[in-house]
Amino acid sequence: MNGREIGWAIIEGMIAGMRPSVKEEVMDFEKIYTRYNVLEEEKKAGLKPEALIKDMMPSEDPWKTMAYAVFRGDTDTALNELKIALEKYKPQEVVDKGLAPGMNAVTKLYDDGVYYLPQVMLSADTMNTAIQYMEQTIGGKIEKKGKIVMHTAEGDIHDLGKNLAKVFLVSSGWDVIDLGRDVPVDDVVKAVEEIKPLMVTGTALMTTTMTAFPKIAKKLKEKGIEIPFICGGGAVNEDFIDTFDLGIIAKKAHQGPKYAEAALKGMSWEEIRKKRHEIAPI
Amino acid sequence: MIKRYTSMEYKNPDDLVFGKALYPVSGRFGINIGAGFVVPEIKVAPKPGTEKDLETFVEHHKEITTEVLDICLQLGYKNIMIEQEHVFQQTLNPDYAYETALAQVEIAEKYHDEYGIGVLIEHTIADIRKEEEEGGIRGSDRTHRMFDAFEQSSSAGVGSVAIETIGGKEISDYTIGRGDIKGTLFGIGVCGSEDMAWVWPQIVKIATKHGTIPAGDTDCSQANTAMFLAGGLMDREVSHTVAAVIRAIAAAKSLVAVEAGAIGPLKDCGYENPIVKAITGVPICIECTSICACAHIEVMGNLNRATGDVYSNEAVEYHQEFGGSTAEVWTAVTGNAADLSNTALQARQEKILRDLLTYSDMYRDPQGLVLAWPNAWRIGKVITEYGNDPYLRSKYAAIEAGNIIMEAYENKKLKLSRWELDTLNKAMEILNSLTDDADKFIEDCIKEYKNIPLFDPKNYGWTGA
Ligand code: B12
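Quick mapping for you: the protein sequence lines, in order, are chains A and B.
Okay, so the first sequence: first residue is 0 according to numbering that gives the first Met the number 0, each after it adds one.
Okay, so the second sequence: first residue is 0 according to numbering that gives the first Met the number 0, each after it adds one.
A couple of the hints might just be wrong.
Unchecked claim - Derived Cβ-Cβ restraints for the label pairs, each shown as a range:
hint: 1; chain 1: B; residue 1: Asn410; chain 2: A; residue 2: Glu134; range: 22 to 32 Å
hint: 2; chain 1: A; residue 1: Lys30; chain 2: B; residue 2: Gly75; range: 49 to 59 Å
hint: 3; chain 1: B; residue 1: Asn431; chain 2: A; residue 2: Glu92; range: 54 to 64 Å
hint: 4; chain 1: A; residue 1: Glu39; chain 2: B; residue 2: Asn410; range: 47 to 57 Å
hint: 5; chain 1: B; residue 1: Glu428; chain 2: A; residue 2: Glu39; range: 24 to 34 Å
hint: 6; chain 1: A; residue 1: Gly112; chain 2: B; residue 2: Glu316; range: 57 to 67 Å
hint: 7; chain 1: A; residue 1: Lys30; chain 2: B; residue 2: Glu316; range: 47 to 57 Å
hint: 8; chain 1: A; residue 1: Pro280; chain 2: B; residue 2: Glu54; range: 41 to 51 Å
hint: 9; chain 1: A; residue 1: Glu39; chain 2: B; residue 2: Lys446; range: 37 to 47 Å
hint: 10; chain 1: A; residue 1: Ile137; chain 2: B; residue 2: Trp461; range: 31 to 41 Å
hint: 11; chain 1: A; residue 1: Lys220; chain 2: B; residue 2: Lys51; range: 14 to 24 Å
What the hints assert, rightly or not - Computed far set for chain A versus chain B, every beta-carbon distance over 10 Å:
hint: 12; residue: Glu49
hint: 13; residue: Glu59
hint: 14; residue: Lys82
hint: 15; residue: Asp95
hint: 16; residue: Thr106
hint: 17; residue: Lys107
hint: 18; residue: Asp181
hint: 19; residue: Glu192
hint: 20; residue: Lys217
hint: 21; residue: Thr242
hint: 22; residue: Glu270
hint: 23; residue: Lys273
Since the hints were made in silico from the structure, they are not lab data.
We put the beta carbon where it would ideally sit given N, CA and C, even for glycine.
Excised from the complex, chain A in its bound form:
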């Protein structure tokens, strides 16, 4: 035994020798609580994730290997495949046929309760690295579905939710202009005026900072800009967001792309707000 192991033996001895004032042996913890996640997983034990998304994935190479590389978050393989494919195909085709199906598959499994966030994050990282690589080689931008301006409210540095939502948006093909955190109301308004995005998003985690949202909405309306303003962050709820025009509540990061698709279809902020439960279920 080395010194460390002797240390362990002592600790373990002490703990084993300790007599808690309440006897653990007599207790049946299952009568107190249930770990429902364990049960839930048992129900899904027979499911093979790869079988569930097989139909969504390309069946021929190079697209197949590329899509599965994104699906597994295997950046090296994705880049290798992509370099070869670029000799024959246009970047847009590579995105549509190779990369996007892999990302869509991961998102579907996440939405269906089979996959977990880190799996989505890793696939998104692969997807984004691949797109960046292509943009660098062609020296231009790959065509995106549309522009989205994101920010965290003035005075608020809680940007985790915004960053998560950004991962979902970028990896599903949107051109995200991220203004960062603690962004003054006027800077958001100015950026929207200049960039003319399809929608704008805000995140606020504090009750003292969420008050920036109605101010932004009011200023945008005054300038005649009537785009959906997706508002997220722990501090906000629909009771608050529904009090001002343009505002639409988002509770989960994966709702972002769904709202964006609705805006792309031409739905107004009022329609999206009304149908939010159908458009972007939680």
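We have chain A already, so just place chain B with the ligand on it with the hints.
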């Protein structure tokens, strides 16, 4: 200036119990913490909009403080800790910090003089530093304003000051969601500890100058972010086993405040506090769902009440409930929880209550398991074995937490899902493969994580990169 802990102040884990700390803290207005009884704590976030001008803001703080103290009289509470967690505007503007503190202190003094109630007013300064600001987290305008806020609140006479530092957060924000344990260990155990070792001696100096207690710090920005993302049993964002391992790393980090001279009560948001108490003997504030559901709903239920010296509601926004304002309602919740523990102490039955509180949640989730007092002590013991090296003690704390979870799983006490088990096994494999040489680890991480947005080694005093 930093006195590292290389041995445990609590020699016997069984001595860890609520309301009693080896080194109680006393302060103005008759306050004693960890001295044989539990003190309730209330924290109310100001009503939105009241920050718009100084006068309205100060009036609102007076209203909250008065309501809290009145309800304490109505319900017969002997002590209360009133924490004001600065909103952004309060730390940014010196007069906001000073004037609110002064108003609260005057009211506290009046109630203490008139009724003998013990009152601790604590100001928690917001860590408003931003990595991207000119000068970084060590030298920007905001850094100076943050320290100035300590000066303002202390000079106005608050009983104690605290903070929740954000060092290393840019790293952990990126790595936690990706399930990357190596990066998280670097962000918390190394960067976070470095930052605290820089910030804390300065806080201690300011507070002591004014006779204010330098209370403590937490790993809210990292371990609580993991706990938050981990969420409930049905959430699928961060694995609960990994969140538990991250909590152990957080203990090795939050300990730095005490090593730099903080004396407690350690700040509430630090769920890792039981571990730090086991190491240092310093009294702690705690929260868990049964008393703080207004702010956090997690799976620790009653558990942290087993070792806490102050029971906190964590935070609630000011508004009306049927029972009264939230200031009144949540003072009543924490006050009653504290008095149940105080009854146990008077009846000399505190260990029974402690163990009931512990068992009520110990196997509900791995996050509670690692904070249960025998395990908190065990993790503390490992931290002190490597006490001189912030990296190594974080690494081995993480591994010990993993061992504790695996033992409970193998003994069939704790059930784990496949995902929880797989993510734990993967994290343990990575942790076990890491070097024991801190310099090598840091050098390697600086390279590996250099592209994380906002990460700048200079913020942690590393220039050679
Ligand atoms: C982690 C945390 C921090 C970290 C932030 C790390 C970071 N980079 O963001 C740190 C430690 C830095 C921090 C600091 C502070 N914090 Co804080 N913090 C939290 C905590 C524990 C969790 C927040 C979090 O990250 N949640 C996880 C993320 C993912 O959730 P989310 O942002 O809500 O996002 C989800 C959805 O809202 C949605 N979403 C969000 N945005 C978007 C956008 C789109 C487009 C879509 C589709 C979806 C979407 O998707 C996400 C889920 O999928 C909360 C506790 C709580 N109850 O919320 C307190 C909390 C928010 N903090 C609070 C406070 C007071 C502070 C401080 C002022 C404390 C202080 N005195 O120092 C400072 C703030 C300084 C400042 N100027 O901002 C209070 C706010 C109280 C209030 N007034 O309202 C809270 C509520 C804690 C409490 N109970 O008191 N904090």
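Results for each hint:
Taken as a hint, the range 22 to 32 Å is violated for the pair Asn410 (chain B) and Glu134 (chain A), whose Cβ atoms sit roughly 53 Å apart. Our hint of 49 to 59 Å for Lys30 (chain A) and Gly75 (chain B) is violated, since their Cβ atoms are close to 35 Å apart. Against the hinted window of 54 to 64 Å, the Cβ-Cβ separation of Asn431 (chain B) and Glu92 (chain A) comes to about 44 Å, which falls outside the hint. Distance hint check for Glu39 (chain A) and Asn410 (chain B): the Cβ-Cβ separation is about 23 Å, which falls outside the suggested range of 47 to 57 Å.
The hinted window of 24 to 34 Å between Glu428 (chain B) and Glu39 (chain A) holds, with their beta carbons roughly 26 Å apart. For Gly112 (chain A) and Glu316 (chain B), the hinted distance range of 57 to 67 Å is not satisfied, since their beta carbons lie about 32 Å from each other. Between Lys30 (chain A) and Glu316 (chain B), the C-beta spacing of about 36 Å breaks the proposed range 47 to 57 Å. Range check, Pro280 (chain A) to Glu54 (chain B): Cβ separation about 45 Å, and the 41 to 51 Å hint holds.
Evaluation of the 37 to 47 Å hint for Glu39 (chain A) and Lys446 (chain B) yields a pass: the beta carbon distance comes to about 40 Å. Distance hint check: the CB atoms of Ile137 (chain A) and Trp461 (chain B) are about 37 Å apart, consistent with the given range 31 to 41 Å. Taking 14 to 24 Å as the suggested C-beta distance range, the pair Lys220 (chain A) and Lys51 (chain B) conforms, at roughly 22 Å. No Cβ of chain B approaches the Cβ of Glu49 (chain A) within 10 Å, the least distance being about 16 Å, so the stated non-interface status holds.
Even its closest Cβ contact with chain B, about 31 Å, leaves Glu59 (chain A) beyond 10 Å, as expected for a residue assigned away from the interface. Chain B leaves Lys82 (chain A) outside its interface by the beta-carbon criterion, the shortest separation being 21 Å against a cut-off of 10 Å. For Asp95 (chain A), the condition that its CB be more than 10 Å from all CB atoms of chain B holds, with the nearest at approximately 26 Å. Residue-level check passed: Thr106 (chain A) sits 13 Å from the nearest beta carbon of chain B, beyond 10 Å.
Taking the minimum C-beta to C-beta distance to chain B, about 14 Å, the non-interface status of Lys107 (chain A) holds against the 10 Å cut. Residue placement check: Asp181 (chain A) does not keep its beta carbon more than 10 Å from all beta carbons of chain B (closest about 7 Å). The claim that Glu192 (chain A) lies off the interface holds: its Cβ sits roughly 24 Å from the closest Cβ of chain B, which is beyond the 10 Å cut-off. Every CB of chain B is more than 10 Å from the CB of Lys217 (chain A) (nearest about 15 Å), matching its label as outside the interface.
Chain B leaves Thr242 (chain A) outside its interface by the beta-carbon criterion, the shortest separation being 12 Å against a cut-off of 10 Å. For Glu270 (chain A), the requirement that its beta carbon stay farther than 10 Å from each beta carbon of chain B is met, with the minimum near 29 Å. Separation of Lys273 (chain A) from chain B is adequate, the least Cβ-Cβ distance of about 26 Å exceeding the 10 Å criterion.
Hint check: violations occur at hints 1, 2, 3, 4, 6, 7, 18; the rest are consistent with the structure.
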